[in-house]
Amino acid sequence: MNTRTGYLENVDGSCLYSLNSTKVIAAVTGPVEPKARQELPTQLALEINIRPACGVPTTREVNIQDKVRAVITPTLALYKYPRQLCQITLQLLQAGETESYFHELELVACVNSTTYALVDSGIALKGIALGTTIVITEGNKLITEPTDENLKNAKSTHVVVYMIENSKPTNLLLMDSYGDFDQNDVFKVLEQSEIKINELNKNFREYMKTKLNNL
Amino acid sequence: MAKDIEISTSESKFILEALKQNYRLDNRTFDQFRDVKIQFGEELGDVLIEMGKTKVHCKISSSITEPYEDRPFEGLFFISTESTPMAGPQFENGNNTGEDEVLISRIIEKAVRRSGALDIEGLCIVAGRKCWAIRANVHFLDCDGGFVDASCIAVMAALLHYKKPDITIHGEKIIVHPTEEREPVPLGILHVPICITFSFFNPLDIEENIKGEGNSEIVIIDANLKEEQLREGVLTVTLNKNREVVQVSKAGGLPMDALTLMECCHKAYDITEKVTDQILEAIKVDNKQRDKFSAMLSSENAREAS
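Protein sequence lines, in the order shown, are assigned to chains A and B. In terms of my numbering, the first sequence opens at residue 260 and continues consecutively. In terms of my numbering, the second sequence opens at residue 9 and continues consecutively.
The following block holds chain B by itself, in its conformation from the complex (with noise of 0.2 Å):
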């Protein structure tokens, strides 16, 4: 159990001079970022995301708590995200706390609850009482790499999927109303956080790395499995269409320049435009075919949300 992937000594040779030649095994360029592909399930709040081969699920399920004592204005917000020996046999079951899956939740953790991508206040039934609780179920089905990525994707497009039960409220009595009685309500999205993951390959020794002028280190965006098995370094920067950095991440690996970084930023701006662009339209699509009436029953003006 708990394999390691091996990569023979022939294969990844064969891998880095390929990339030393501005070569990736699935003829991407360095700077693209597989297709995402997102689906919805039947239920609200259940998507599907796939990214080249790798593929994460993630479900929305919310439900009625009462408040932390020292926040009695918030609702709770949960990520969960525990990967099991079907994603590969590199994962355990019941054993997350490898350091790979340690660092997948953690960051998932902070681009999408610590930035305050879920408007939680918007959570609180009644003050210090009762409030929702949301909880985002990760399921990692398929690795090839990207997980961070994939899974920030997945989390967020179920996010902005889901809709709780509208609720009415009496002194103390609060009335959950089934979704068939009264329209459920989307969740307050203040906005949407996509990660992007660079890896770092150096095509000379170290010492040129670190002393040499010439950062000829090799950026790749979006790796797959056997490029993640190979790298030298990950920067995850987590970005959003406002042009907000949220977090980067680089924990270790190889040294790098403070220009690279910047040029990283530049180029995870387009994609995460892009991205966000296609999880929003993705959600239209669905809605209207969710809801033939509701442009006919609506009285709200036309304007373009975003």
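Bound conformation, chain A alone (with noise of 0.2 Å):
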């Protein structure tokens, strides 16, 4: 995983991020004035953009931009920002699965760099969220951070995205599961995922401490 905040100069926050093939940009703008339409009374107003690499937004980005909106809510400390506004717009650059079947690993790219880039922009979060993905092969391996090639053999796909407080994955914000799986598929899911959202974390915050130390 490669990820890199403050690439572009023009909003508050951002990251170019990339996992095997998949590339993504995420920029932050808020919290700002919203258009009377958006605005809420109480609390912060969360407006998502996906735009796809190739070819107008569809029902696809969509479906993802929804699932990302699910995720990210939570960990927005939203009722500190009322009538306020914050923008999350996502530029895929490069899918790095094919679009027509899949999206598990767009949405998480989605989800990963939004979580770097509202760090970055300063937003005040109540924690953050961080997502991976997992395939269980036709022989009931698991695969974590998979392949093009590993989607399209997969017995079954899952998302999975954690809530973490205090540096402990806390609460599960996502599962979002396709294929052939049982109850005991899905624990193992979540038992494999916690480990790898516990690494990601502990790279988040590794980055983190590196950019501040380099302020």
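What the hints contain is simulated information worked out from the structure, not anything from laboratory work. Computed from a predicted model, the values in this text were never measured in an experiment. Hints may be right or wrong, so weigh each one.
[To be verified] Computed list of chain B residues with no C-beta within reach of chain A, every gap over 10 Å:
id, residue
1, I72
2, E129
3, C132
4, T187
5, H274
6, N295
7, Q297
8, S306
[As the list claims (entries may be wrong)] Okay, derived cross-link-like pairs now, SDA-like style, lysine to any residue, Cα gap no bigger than 20 Å in a straight line:
id, chain 1, residue 1, chain 2, residue 2
9, A, K411, B, E188
10, B, K282, B, G60
11, A, K294, B, N103
12, B, K234, A, D271
We put the beta carbon where it would ideally sit given N, CA and C, even for glycine.
Bring the two chains, given one by one in their own frames, into a single complex with the hints.
What follows is the structure, given as structure tokens:
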């Protein structure tokens, strides 16, 4: 996984994120003045836009958008910024998966890059959201951070996003699974993903530590 | 949302006064084009152009569709330029009807598509039935002026870099060969148009500009965002290496002398030549990296392709 925050000049927070062949840029602007129809009287309004690498946004991007929104909303300190707006724009540079079948890798890339960009922007957060993709192969093997080839040959695919507070995964924010699996598989995936998320969190803290030290 | 960039009176006075004394904030001379940085992605037709702080990404995609009924021998070519708040707060989501945004996409459209830079007849597969549709997706990532110039370079570099999958035709049937199976084929590029934008400032009053003989207007090449905000006139000329003027676009603003226009075109030609060579060189280097064995396997005669 490769991340680079502060990549863009004109937004408050940004992050260039790449994992295997998936590449995305996240940009965060906020808190800013919202349009009248977006304004919420007691809390921060959230606007998320995902733009695909090729073509115009379709229902597929809106689907990812909704999932990202569901995951990011609980991590923000919404009531700290009443009548304000936070604008998140995600530009995919490379999908890294067959777009007509999958969205798992992009979803995880969007969630993780948004988290980095939000921290970069300095907006108040209650915790951070980090996610990972896991596939179960025909031979019942678990693969974390799969490639497009792994996704195609998988029996089931799972996206797991955890909320991290005080450096520990506390809450399961999203579990998005497709394919053929049973209860046991889900438990195995959750167990495996928690290990991975802890690792991601360690990387995240390490990254932010170096960044702050170099300021 | 869609906040206009505001430059304080003191800052604008400072910039203009500096221009009058032959200085620019980024220490460039008036005729200096910013250095262009070309980066290719993992896939073919994936280019990131950086000019100073301006960043533009372009990605080419292709599909097979039916040609237009009135143009059965031609393929389709689209350029999509949509800006998002990512580039700066002055851009709005899903609303690309602002004057600047429309102008940017029209100029690029004219420079690349309508100048016939891409051989669209070469995209025809079965006349009237099937053709390639090539789409250039331009993503504005970061704005520090010069979007037109940067995106034109991005689109051309991406088109030159892209290769579409090889096909075989059996009557009505088309077989698309995956890239692993057969070497993909590059697009037919007929010429490489490069846009150069000039910005005009008037150090004296408007009367002097219209009636005066002095020609004291300040002309600078490749303005950054702040200079763009303060300029009083803008001219975009598009040229190619064959010394052909593809387009001259000046939508209102400060009136200018015909001789100034000629002078601008001369200056632009030098930059065009340099940038074109840089793009072609970058493509060559990248192709070599991608395909280590092509030189060994090729039966092509030794000649310099430009």
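Item to check | Violations among the numbered hints | outcome: Violated hints: none at all, because every hint is consistent with the structure.
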